[in-house]
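Colleague: Each chain is listed here by its residues.
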Amino acid sequence: MNAARLRIRLTALARAAMALEPAAVVLVALWCTLACCAVSAWSPLRSSTGERLHYLTLLGPLMPSEWLTNEQFSDTIGIIFLIAGALWAARRWLPWTAWCTTLSFWLLSSIYQERLTYTDHTFNPECVFLFVFCAWEQFYRNEVRLATQTRRLWTLPTCPVWVSWLCTFYLAAIHTTAGLTKLVKSGLAWADGTSVQLWVWMWGNHDGLLARLILADRQLALVLQATTLLAETFAWLALLGLRLRIAIGALLLAFHLGSQAVFRLNFFALIGGLFLFFIVRPALTVRRSSRVLPVSEPIAP
Amino acid sequence: MSRRLERTTSRTPEWAFIVLFVCAHALVAPLVVDLYPLSTMPMFSDRTRAITEVEVFAPDGQPLRAASFGLGSSYLANPSPRYGISPPVSAARQGQLLSADEVSEAVLRAVRTRGVDLAFIDVVQRVVGPLDTGAHGRVGVVLSSRVRVVFGP
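Just so you know, the protein sequences line up as chains A and B, in that order. To convert, note that position 215 of the first sequence is 215 in my numbering; the numbers rise steadily by one, no gaps. So my numbering is basically just the index in the second sequence, starting at one, shifted up by 1000.
If you're looking for bench data, these hints aren't it; they were derived computationally from the structure. A couple of the hints might just be wrong.
To be verified - Capping the alpha-carbon separation at 25 Å, the derived lysine to aspartate or glutamate pairs in DMTMM-like fashion look like this: (1) A:K185 with A:D120; (2) A:K185 with B:E1053; (3) A:K185 with B:D1117.
Construct all of the structure, not just a fragment, from the sequences and the given hints.
Modeller: Structure, rendered in structure tokens:
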């Protein structure tokens, strides 16, 4: 591809990313994320004792050690987060409440992580989604304010496509890197069925039907593991087309719902994000486009 | 209402955010692997073939925390984890049984400084791995042992 064609393609992509769409899906995602964050912030903070080997967070080296041990400090940050989050959900004093919510949750969750032996990954999608939604509230504050005042935030095109696209990109990126990590560390033989049976034995809810089926049949365990590896490694394909995104989203969603049923890992923000950005939004876009152009495949994002 | 609201602010910071976000998750995350909120989600990436379960019991049969006796599991299903606070010291080896001497040594080392007001403890170890019997391929206990560690003058 020559430089001129590449430039034309990039310009078209940039224009598509900046196009405005109704904020309905993003608003639902925002409320779901805030609810997940509130549950995380409300949960009692676990704490490990011992010598610090590494920082687990980007903020770790910047935080005074007293912040990590002072319960009153983390409680105060938690209360600030809950109040600011409630105001953001109610669409009050934006974009300040969005910033306050995002930064307080980032700080609170970083304090929590720094008290642990190993990263609690359930916080990652929650924190990343908050940053994306906060950026939308910041950069489109005037449009959002006007739409809110006229009570048409759900229907007026006030949300740029890049908000949904960055959430989709993030979900595709973490799944792809998760799949590639498995391939690099263990190779294709990762999907042998035995390892997942052992994890279910060790950490699974043995009363559940899926756990019992996995423990009873290695072939089933192998098929589930191989499908997961395939869906994760090729999750980046979701960025190339809407129908492909729905198909990959369905596989990843099935994997996460199965994991939730068996392991109770509580990746609720991740599950909600997959449902909204890999299933609902592309399905709505396909439906909208098919009314205008019944044959053609809409261009991602 | 289909009218589009006009942009009133510059787009440069918006583009800067998008580029920074994409670079952070596509380029920086694979380099740092796990540095919250960046992560490549490396959990469950190992291919474990057998695990070891350790249970500790008081003389009256009450279960006790294996980690308090230096026998807790530090298995994370991640072959190269980034540790924050150091994990508790444990003599347990994944997929293997410790000998009676190794169990006694680990327990006595763990209780040396804090003491213990029990006459003895029973340590039950079980190695769980694939069972080759049966058509469907299950996992189950392939090895086990019970060691009594006596505390005394």
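Colleague: All hints, please: hold or fail.
Modeller: Evaluation of the provided hints:
1. Pair hint K185 (chain A) plus D120 (chain A) holds up; C-alpha atoms about 21 Å apart against a cutoff of 25 Å.
2. Taking the CA atoms of K185 (chain A) and E1053 (chain B), the gap is near 24 Å; set against the 25 Å cutoff, the hint holds.
3. In summary, the hint linking K185 (chain A) to D1117 (chain B) is not supported, as the alpha carbons are separated by about 45 Å, beyond the 25 Å threshold.
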